[in-house]
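Listed in order, the protein sequences are those of chains A and B.
Per this note's numbering, the first sequence starts with residue 1, numbered consecutively.
Per this note's numbering, the second sequence starts with residue 1, numbered consecutively.
In short, the hints are calculated from the structure, not lab data.
Predicted, not measured: the structure shown is a model, and the values here were computed from it.
Incorrect hints may have been included.
As the list claims (entries may be wrong) - Using 25 Å as the maximum straight-line C-alpha spacing, the simulated SDA-like pairs for lysine to any residue come out as follows:
no.	chain 1	residue 1	chain 2	residue 2
1	A	K23	B	C31
2	A	K7	B	K306
3	A	K22	B	E285
4	A	K19	B	L296
5	B	K336	A	G68
6	A	K19	B	K306
7	B	K284	B	L296
8	B	K394	A	K89
9	A	K173	A	Q127
10	A	K60	B	S334
11	A	K22	B	L296
12	A	K56	B	N30
13	A	K19	A	K89
14	A	K174	B	Q24
15	A	K23	B	L286
16	B	K394	A	E8
17	A	K22	B	Y359
18	A	K23	B	L296
19	A	K19	B	N30
20	A	K7	B	D288
21	A	K60	B	N289
22	A	K22	A	K89
23	A	K89	A	R76
24	A	K60	B	N337
25	A	K173	B	R19
26	A	K23	B	W290
27	A	K22	B	K306
28	A	K60	B	D288
29	B	K306	B	Y359
Unchecked claim - Okay, the calculated bits of chain A under chain B, using three or more residues with CB under 8 Å as the criterion:
no.	segment
30	32-42
31	49-62
Quick reminder that beta carbons are idealized off the backbone N, C-alpha and C, glycines included.
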Amino acid sequence: MRMNDEKELIADFRKGKSKAQKKVFEMHASAMLAVCIRYVGDRETARDLLQDGFIKVFEKAESFSGEGSLGGWIRRIMVNITLEYLRQKDALKMSSSIDDYHESFASHEVSALEKISTNELLACVAQLPDGFRTVFNLYAIEGYSHSEIAGIMNISEGTSRSQYMRARNTLQKKVQLLMKVNNGK
Amino acid sequence: MESKNNINKDVFGEMMRNRLENTQVQVDENCWAEIEQRMTKKRKVIPFWFWTTLGGVAAIALIMLTLRPFSDVSPLMEQTFEQSLSVNNISTGEQKTETTTTQNKSEKQENSGSHFSKQNTKASNQKTATKSHKILSSTNQKSLTAEYVQPEVSGFEEASNTNKNETPHVVEKVNGATDKSEPLKEQGEVVKTKKYTTLTDNLNEPEKVYSPNKQRSKRTLIAAALGTGSNASLQSFSSKDLASGLSTSQIVETETKYSNIMSPSDFSTITHLPPISFGLKASKELSDNWSIESGLVYTYLASIYKNGLYQKIDANLNLHYLGIPVNIINTISSRKNWDIYVSGGAMVEKGLRSIYNQYSYVGDYTYTTVAKTKIDGFQWSANVAFGANYRLSKDLGIYIEPVINYYFNNNQPMSARTEQPLIVSLNAGLRFEIK
Numbered sequence: 001m002r003m004n005d006e007k008e009l010i011a012d013f014r015k016g017k018s019k020a021q022k023k024v025f026e027m028h029a030s031a032m033l034a035v036c037i038r039y040v041g042d043r044e045t046a047r048d049l050l051q052d053g054f055i056k057v058f059e060k061a062e063s064f065s066g067e068g069s070l071g072g073w074i075r076r077i078m079v080n081i082t083l084e085y086l087r088q089k090d091a092l093k094m095s096s097s098i099d100d101y102h103e104s105f106a107s108h109e110v111s112a113l114e115k116i117s118t119n120e121l122l123a124c125v126a127q128l129p130d131g132f133r134t135v136f137n138l139y140a141i142e143g144y145s146h147s148e149i150a151g152i153m154n155i156s157e158g159t160s161r162s163q164y165m166r167a168r169n170t171l172q173k174k175v176q177l178l179m180k181v182n183n184g185k
Numbered sequence: 001m002e003s004k005n006n007i008n009k010d011v012f013g014e015m016m017r018n019r020l021e022n023t024q025v026q027v028d029e030n031c032w033a034e035i036e037q038r039m040t041k042k043r044k045v046i047p048f049w050f051w052t053t054l055g056g057v058a059a060i061a062l063i064m065l066t067l068r069p070f071s072d073v074s075p076l077m078e079q080t081f082e083q084s085l086s087v088n089n090i091s092t093g094e095q096k097t098e099t100t101t102t103q104n105k106s107e108k109q110e111n112s113g114s115h116f117s118k119q120n121t122k123a124s125n126q127k128t129a130t131k132s133h134k135i136l137s138s139t140n141q142k143s144l145t146a147e148y149v150q151p152e153v154s155g156f157e158e159a160s161n162t163n164k165n166e167t168p169h170v171v172e173k174v175n176g177a178t179d180k181s182e183p184l185k186e187q188g189e190v191v192k193t194k195k196y197t198t199l200t201d202n203l204n205e206p207e208k209v210y211s212p213n214k215q216r217s218k219r220t221l222i223a224a225a226l227g228t229g230s231n232a233s234l235q236s237f238s239s240k241d242l243a244s245g246l247s248t249s250q251i252v253e254t255e256t257k258y259s260n261i262m263s264p265s266d267f268s269t270i271t272h273l274p275p276i277s278f279g280l281k282a283s284k285e286l287s288d289n290w291s292i293e294s295g296l297v298y299t300y301l302a303s304i305y306k307n308g309l310y311q312k313i314d315a316n317l318n319l320h321y322l323g324i325p326v327n328i329i330n331t332i333s334s335r336k337n338w339d340i341y342v343s344g345g346a347m348v349e350k351g352l353r354s355i356y357n358q359y360s361y362v363g364d365y366t367y368t369t370v371a372k373t374k375i376d377g378f379q380w381s382a383n384v385a386f387g388a389n390y391r392l393s394k395d396l397g398i399y400i401e402p403v404i405n406y407y408f409n410n411n412q413p414m415s416a417r418t419e420q421p422l423i424v425s426l427n428a429g430l431r432f433e434i435k
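Kindly generate the complete structure, drawing on both the sequences and the hints.
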């Protein structure tokens, strides 16, 4: 998309023009659905949240300053929508049911991990308990710091850190298991 | 352990981030349709402030209807034309003649610039005023209120006559007397006789030495806008305008039913006050640049008639219209919250009420006639505008637009519109967007 076209699109989008809204949806819906799935682990729920999120995006279109990317702005709204959903279902309570797992992820396994499909990775993430999955997404994928996550999830920074470790180790174990299964095929 | 985990994070976490950060999952086709459907439902909910604003406009319109605020307003601009007339205003035919003789009263007849012979005669310290009326033939559809009050009495009373074949209800007051039937005899200074004869409508009209121009003037009126969805026109007549400005429109179109109601040619000064409109408009987007606009517009038109040519008489006319505009808007430029647009369309208006007040001064008497009538037919107009809209929110904007209106000749009562069909006005107001 040319720069001028993008500016025009954003201008129309901010004015609430339906054509621009549809275009924005078409440009970002697939990425945002993946975000929602990563957070809630369930495609149907993610689809509902995607719709809620885009409606909110359109309602708040005028508040988009134009600084930064539109995709990044929409993504933040989507993340907030999913977090709100998880809060409402009381899913952000930290679980301690996962045993500590400290096995390291060897560098040679990184290349093997490339053979795992994105859907399989998403499935692994989806299997995490809600709280762990949320911390993992916020820290590892979105790049929030533990202090920021603590504020978002109303937990202590230490809890965020420990939850992330547990989530990552659990996920790592699942991925390694999946790699073994794939290698055995 | 911490360093080990950090290393793990660096490897595993970064790998996961690289794989999942920009992942895309195909969205099914129905997803957007469902979003649109949900948004349409949301948009159909009209917010509270919409009804509040609508109520406010309705209240203002009601006040305008009730109070007739310009009845006694000094005209913004007055133009006077002079006529040399030789009038034989002797009435024959069906006629109601009132002759009032008052002793020790001086007549203060002022007819500057008009030269004509009258039926009124003056003798030393004695005045005889003669007034001609057509016999009222009111119907159940229209009502006439006629009332005579003396100048000292503020305001006037109304007596409606809606029955067929009844004459107007006449109330006479002399020297502050409050009794409507007895004051003349009690004062002992006034001898009054009434005589009813027949007068045809045509004979009731004064003879004119000029020919009213049947063509409506095409001059442009300059207008300024005030208030919500209002427009106001400041008009200008030259003496030439007035000579030609006496159109075929009548003050009260149903004049044949009201004998004492003057026609425009009976006055030397006619002032049409700026029209005032209040309205609510809503626009619906048809495409990215095109939208259609409609709404409800109330308009108040007032005219002041002064310096009767044949007798001392003043009058004012108040017209109330409610219209539905339909305009097509093309947005030619959009920047931030500003939209620049051109629009064109039409409006049909229905006259709600015509209220005519006429004050005849005979000596110390003021004869007040109030005629409240319906306004038949519709007023059609076309308009083009160039405007700017500032979006206060997604659904609400404030606009300002110079508009050229052309009012078609639809046999409406005399007003600024009938005299100057091409009016340039400056409108401002709120525009609601319906998605």
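For a C-alpha distance cap of 25 Å, please report whether K60 (chain A) and S334 (chain B) respect it. holds, 19 Å
When you check the alpha-carbon spacing of K56 (chain A) and N30 (chain B), does it fall within 25 Å? holds, 18 Å
Measure nothing beyond the straight line between the CA atoms of K19 (chain A) and K89 (chain A); if it is 25 Å or shorter, mark the hint as holding. Since the Cα atoms of K19 (chain A) and K89 (chain A) sit roughly 35 Å apart, the hinted pair is violated (cutoff 25 Å).
Need the status of pair K336 (chain B), G68 (chain A): alpha-carbon distance at most 25 Å? This hinted pair holds, its Cα atoms lying about 17 Å apart.
Given the hint that K22 (chain A) pairs with Y359 (chain B), does the C-alpha gap stay at or below 25 Å? violated, 66 Å
Does the structure keep K173 (chain A) and R19 (chain B) at a Cα separation of 25 Å or less? holds, 17 Å
Does the alpha-carbon distance linking K23 (chain A) and L296 (chain B) stay inside the 25 Å limit? violated, 35 Å
Hint check: K22 (chain A) vs K89 (chain A), CA-CA at most 25 Å. Holds or violated? violated, 30 Å
Run the distance test for K174 (chain A) versus Q24 (chain B): straight-line Cα separation, threshold 25 Å. Roughly 22 Å between the alpha carbons, so the hint for K174 (chain A) and Q24 (chain B) holds.
Measure nothing beyond the straight line between the CA atoms of K60 (chain A) and N289 (chain B); if it is 25 Å or shorter, mark the hint as holding. holds, 22 Å
Would you mind confirming whether the straight-line C-alpha gap from K394 (chain B) to K89 (chain A) stays at or under 25 Å? violated, 32 Å
So if I understand the rule, the pair passes when the alpha-carbon distance is 25 Å or less; does K7 (chain A) with D288 (chain B) pass? Roughly 15 Å between the alpha carbons, so the hint for K7 (chain A) and D288 (chain B) holds.
The structure does not agree with the numbered hints 2, 4, 6, 8, 11, 13, 17, 18, 22 and 27 stated previously, though it agrees with the rest.
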